[in-house]
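Given next are the chains, with one letter for each unit.
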Amino acid sequence: MVKLSFMPREEKFFDLIEAGAANAVRTAEALKDLVDDWRDVPEKVMKIADLEHAGDSVTHQIIAMLHRSFVTPFDREDIALLAHSLDDVTDFIHSAADYMVLYKVGLPGPRVRVLADIIVAATKEMAIAAPKLRKTATMKKVLENCIEINRLENLADQEYRAALVELFEEHEMADVIKWREIYEAMESATDRCEDVANVFEGVALKNA
Amino acid sequence: MVKLSFMPREEKFFDLIEAGAANAVRTAEALKDLVDDWRDVPEKVMKIADLEHAGDSVTHQIIAMLHRSFVTPFDREDIALLAHSLDDVTDFIHSAADYMVLYKVGLPGPRVRVLADIIVAATKEMAIAAPKLRKTATMKKVLENCIEINRLENLADQEYRAALVELFEEHEMADVIKWREIYEAMESATDRCEDVANVFEGVALKNA
Amino acid sequence: MVKLSFMPREEKFFDLIEAGAANAVRTAEALKDLVDDWRDVPEKVMKIADLEHAGDSVTHQIIAMLHRSFVTPFDREDIALLAHSLDDVTDFIHSAADYMVLYKVGLPGPRVRVLADIIVAATKEMAIAAPKLRKTATMKKVLENCIEINRLENLADQEYRAALVELFEEHEMADVIKWREIYEAMESATDRCEDVANVFEGVALKNA
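In the order they appear, the protein sequences are chains Y, X and F.
Last residue of the first sequence: 208 (the working numbering), numbering continuous.
Last residue of the second sequence: 208 (the working numbering), numbering continuous.
Last residue of the third sequence: 208 (the working numbering), numbering continuous.
Fair warning: there could be bad hints in the mix.
Which copy is meant is left open, because identical chains are indistinguishable; a pair holds if it fits in one copy or across any two.
Straight-line distance between alpha carbons at most 20 Å, and here's what the computed SDA-like set of lysine to any residue pairs gives [unchecked claim]: (1) Lys206 - Glu10; (2) Lys140 - His67; (3) Lys12 - Lys47; (4) Lys206 - Gln61.
Note that these hints are calculated values from the structure, not bench results.
Fair warning: this is a prediction, and the values are worked out from it, not measured in the lab.
Could you build all of it, start to finish, from the sequences and the hints given here?
Written out as structure tokens, the structure is:
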């Protein structure tokens, strides 16, 4: 089943998960800066690409360590899912930013900025929740962050749908297609935050 | 490995799985009523949203129970996948209905009604199959329903592709994009029914 | 945990995995032939559909065997994921070819041919890697192929994004939507090759 010990090897898993969550926050904040202050766009997107690569390497470290470890702080599948979900969060943030450059879109509208705010908030909740998994005493408190991440994901979904409706009403077809792809990537980023939250929740329920 | 006992706790898993399947049938029938009788659209979509929330709560009950149980009627991953797939079925049905309102589309065409019929049929097969998992004697019979669900999913896929071709031939671009999204959600609902069927099949193969 | 023995039953798993990989290569080469030599299109797409069905049956054989076996050459989840990823590779190749016919698109451009080349290369790497899993001595060598598949997947992703940009610049909206769907399916085929590579890598890391 599941055990929580404090062997250095196991502590390293927590270090990496927290590093991945912290990197997701930085990536989200870089996206927010991009859409709030629409200048030096290529440079800012380049920075987001670098943060995404940093996230990739954290994920690979977690997976490699998982394959080499016989004892893990919680279920192997949960750790693997966590590693890949954290990776997906930054991937989708990067895709959204990347499409803005590729499609040469103009100044992002309010919906995009709201979605960026939600992504930042969701990643921050993940980063707050992660360290609580280290100790049984704090583990239960993870559930509050999970509830908040679920709320944020629903909010992002509503923004996404409202944004699609506006697109069809106010834009020409090419912009509809381009922006829909960007909105989709942003909404997907919050979905992946929810995947992370679901693993956190499961670990807490199983161990707290 | 896998065991089938009849402790009350384990019976409860079957109760919840059957409740989820029954709710999926009701959601599918509400979609069929919406597209067959295109009146009181907002009210009917509201009803579908309520059914989707009912499905969410069943899923959460299954997952929470899974995290709390040491003995389960079949593999934990299978139960989790089942819970999430059942949830996805109603989510995609709701998305399809929701987009019809958001995009202010007109009267649904014959392809939409055929897809709704297929979704109803597939969910009904799931609801017929679920109780057969309770007893080893009836378990093998699940395979017939799985084969039928696979057949229905292929049918939906063909309808979807045929519908896309018509869209490009007969509609203006905005409608193409809007309806494609609706068709996609409907086709995805049948994919998720197949996911459920795959778990049923696996359980039957492992235990019958 | 994991064991590698050489009981006939276990050898059969490797036989099926290698058969699935070989079938993926044939399917990829059929797509390449279609886009390189744009003649007898319906016949060539029919051939790709047949290859996809052959892949389905390999996947079903693996899953059925998995459900019946108590001893497997490596983790059950890895074998199931492998079976489904191999299946997805040929599914996406078939979808891409199928849309070309359904949408009555014209002569494929250079980007499509490059993507087809990448898909062929990625499937060939899988086919080269698969037999190396049979023996601990050769297992480590799998990692080279995994690295190459990852490189090819990144290449496909870059081609895909560049192709999208061109689409918006050079085509009318209907073609944008049609070709984007085709490009997407082709890019997804390489993603699934990467899923296969990830399983190979995991097996090697755990056993070599």
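Let me make sure I understand: some of the numbered hints might not hold for this structure. Which ones are they, in numerical order?
Those not satisfied come down to hint 3.
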